[in-house]
Every structure is written in structure tokens, then in C-alpha cells.
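Student: These protein sequence lines map, in sequence, to chains A and B.
Going by the numbering used here, the first residue of the first sequence is number 1, and it counts up by one from there.
Going by the numbering used here, the first residue of the second sequence is number 1001, and it counts up by one from there.
Since the hints were derived computationally from the structure, they do not count as laboratory data.
A portion of the hints provided could be inaccurate.
Facing chain B, according to a computed beta carbon distance under 8 Å, are these residues of chain A, among others [what the hints assert, rightly or not]:
hint, residue
1, T39
2, R52
3, S74
In this text, a Cβ means the ideal position worked out from N, Cα and C, and glycines have one as well.
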Amino acid sequence: MTGTSPACSQAQIDDEIASLALDSTAGEDRDPAGLRGATRLDYAPYRSTVLRHPTKALHPADPEGLEMWSPVFSHRDVAAVESDLTIHPQGEPIGERIRVTGRVLDGDGRPVRGQLVEVWQANAGGRYIHQRDQHPAPLDPHFTGMGRCLTDEAGHYSFTTIKPGPYPWRNHLNAWRPAHIHFSLFGTEFVQRIVTQMYFPGDPLLPLDPIYQGIADRGDRDRLVASYAHDLSEPEFLMGYRWDIVLTGAHRTPAEET
Amino acid sequence: MTQPTTQSGSGLVPTVGQTVGPFFHDALPWPGDRHLVAPGDAGAVRLAGRVLDGEGAPVPDALVELWQAGADGRPATAPGSLRRDGHTFTGFGRCATDEEGWWSFTTLPPVTPRGGAVAYVSLAVFARGLLDRLLTRAYLPGTPVDGTSGDGVLDGVAADRRATLVMAADDPGYRFDVRLQGEGETVFLCWPRDPRAGGR
Ligand SMILES: [Fe+3]
């Protein structure tokens, strides 16, 4: 998966993460490089970034042009059952049944309505059905780990699924990804396009993970962690998690016509 | 912790991006994802290229998305990209790279978007090892790179880098390589309200 030359230890990775952390003692004025609100692209503790990050600054464009609009999706694209990853014709998947729900908002707090949300994840044992995942954990014949939905009129999305397990990867010796669900979202403008990952509260792997720690700002990292929501849990059935997603600010107002 | 936090002055703090990782292939692609028009259609062109890393090696686990105006220059507003009906142009396509880093779309020739000066398409790039998505533009072959194109984005790019945003003619269509790093590094774009612009 990830070709690392000499396998280095978690302790070495921890040292690299610490050396690149924003100074947490300088209060609100830290972040001289303007890293808050952005994932760093050049982040060597995640080894695969080394040859795959741009070295030049992003070029600032004026808010005009095609990117001020976004592809449109509808119920023609997505069937309602696609939001329930636990439905399988041959039987039920194994693991802790959960529901993950929240709102998709733009940077001004407006709900993003009727837009596509895609998710994918490992099964309860930390295994993807992907052919390149050779982690020796069992595949679940009743779980594909992929889902889609459209946000509703208030911007809500909701998925019923199985809590994913952590899984090993080859970034360094004994590297384990914290449990996570991959999310892909569209806003009302192509500039809002985002792919990210949702994590679970209290996961002891979060401080050790170079992908999660590639986010410079602690508040930004914390906002990728869902909350356990007892009000969403259902008796004898599932556990609820709530996670809201904020897209970057829109440049057009929703009323503007094309 | 998950409540959106107010950012002084300009609304809510956006959720940050994370890498698409290596295991998206069963979830994000769909049948017909790369065919915005049917390959045999009259007027169909191929828009293809490679994603390359800092050593010029192909990136076999990248994903490229295409967003393109309709033939009338307006942004497409029809749904149906995931269940194409064979005649509606939705303007959107998606293609995972192959082992040699190639992606390819079958689409209409790019047109000048309404209000714009020259023809281009918008591309989003995702990959394992790329911690956040990148956006760029691919302009029609022959678009002037001497600063006189009339397109504010292209003309605003440093003169020696503009050519990275222009497609090459490659019958029956166009070729556009995405170089993530190094020699001929593609220009990637950001917009005013995006914290990726840095500094805010
Ligand atoms: Fe993953």
C-alpha cells in the first residue's frame, strides 16, 4: 500500500508530529502560517505525501466562473435505501449498529439542501472489501461499507451503518488508523467540494495518526470527531452519533439564477 | 465538539478535508462515471491525461472529477450524473486513474462559460497521499498564455506557469496531465472564502 523505505517506529512518528505541531502555548495568536482551517498538504509523517503535495502556493482566483456552480443531484441519482449500509439481501452484517446523522451547512450557516453525500468505510473488523486491502481480518459477506444519500430541506443527512474497526497500514511499523468513515460532499459551488473523514470520540489512536494530525489546528481536528448522541440511540437497536459538516463559504447567494 | 464554531467576521469555520485514501474504488466510481456523453455520439471528444508525482511517476490511486459548462455556456443544472439517461448533459464526471496514472472522459468540447472570455473545464483531483483535494482548470488548446487571454484566472498566473493550465490537442480530443509536484507542477487554485488560501 504505502512504500516506506526503512520502517520507522511509532515513537519516531510521534516525534515528527510533535515537532510540526503548532505552538500550543502562544494562545490565540499562534498559527503564523495561516494553517487554521486547512489540512496541510506537505506533511512528512504521512509518508505518501512526500512526492504528492504541490510545492507552490495555491493560486487565488476571483469568485467568478464555472466553479461558482455545482453539479446537481436528485432522487434520480440516489435511492433511499442507499443510506442504510446494514441492508443486505443475504443477511445482517456483524458489528455494532450505529446511525450517523448531522447537518451540512455552508460557511454562513445556511443548510445545503438536496446535495449528494457519499460514504465508505471498513467493516467491524477493520477490513475493506477493496481488493488491495489484504489485512488478515475477516470480510463480512453482508457488508459492503458504502452508502449515499441526499441532504434534506434542512441540510440533514443520515446513515445507518456498522461501527468500523481500526485497521493497520504501512506508513510505519505498527501503524493503525483510528476508526473512521470517509465522507464526500458537494455544496452549491464546486469550490466547496470536500472529501474528509469522520472519527469517533475517545479513540486512543487519534494522537498517533499522521493523517488526522496532518490537520494543524486542534479545533479543526476536534471538529472531525463525532459526538455520541444518546437521544439518537434506539432501544435494543442502535447507537447514535451526531456530526455536522460546514463547507467553505459560498460566493453566490442561493437566490441567484444561472 | 461537533458544534460548528463561529469564526470572527466571516461565518462558520469550515470542516477540513482529509485524504481520499487508497480504498475509494468500490464507493466513488459508478458505471458510466466518465462518459458525460456516450462514446459513439457525434461530436464526442476524449479529454484524458495522467496524474504524475514529484518524480514523474504515475499516480495509480488518484481520482479526477470533471465539471464543465453545457453547450450553451451555462452551468449544467440537470441531475442524473449517477444514472445517465443517454441524452442529458449533466456537466459532471468522475474517473479513477489506472495503473499508469491515466484518467479519461468522453464529453463535449469545452465552451466558453457564460460571461467568460475563453473555454475551459474545471477539474478536482484526489489521491492517496494527497491530504486534501486540489482544484484546477484546463483551458482549450491554443488559449494565449502571454497574458492576453482575457481570462482573469489564467492571465493572473505567473507567466512561466500558465501553460500548465492549457490542454494539448490530441485527436479525437485533448490531453491534460496533472503534475502534483516538481517540474511543470500544475497550478492549483483557491477562492477567497477558502482557508486553504492561507492567512485568511
Ligand atoms: Fe479508510
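Student: For each hint, tell me whether it holds in the structure or not.
Tutor: Hint check:
no.	hint	in the structure
1	T39	4 Å, holds
2	R52	4 Å, holds
3	S74	4 Å, holds
In summary, this structure violates none of the numbered hints.
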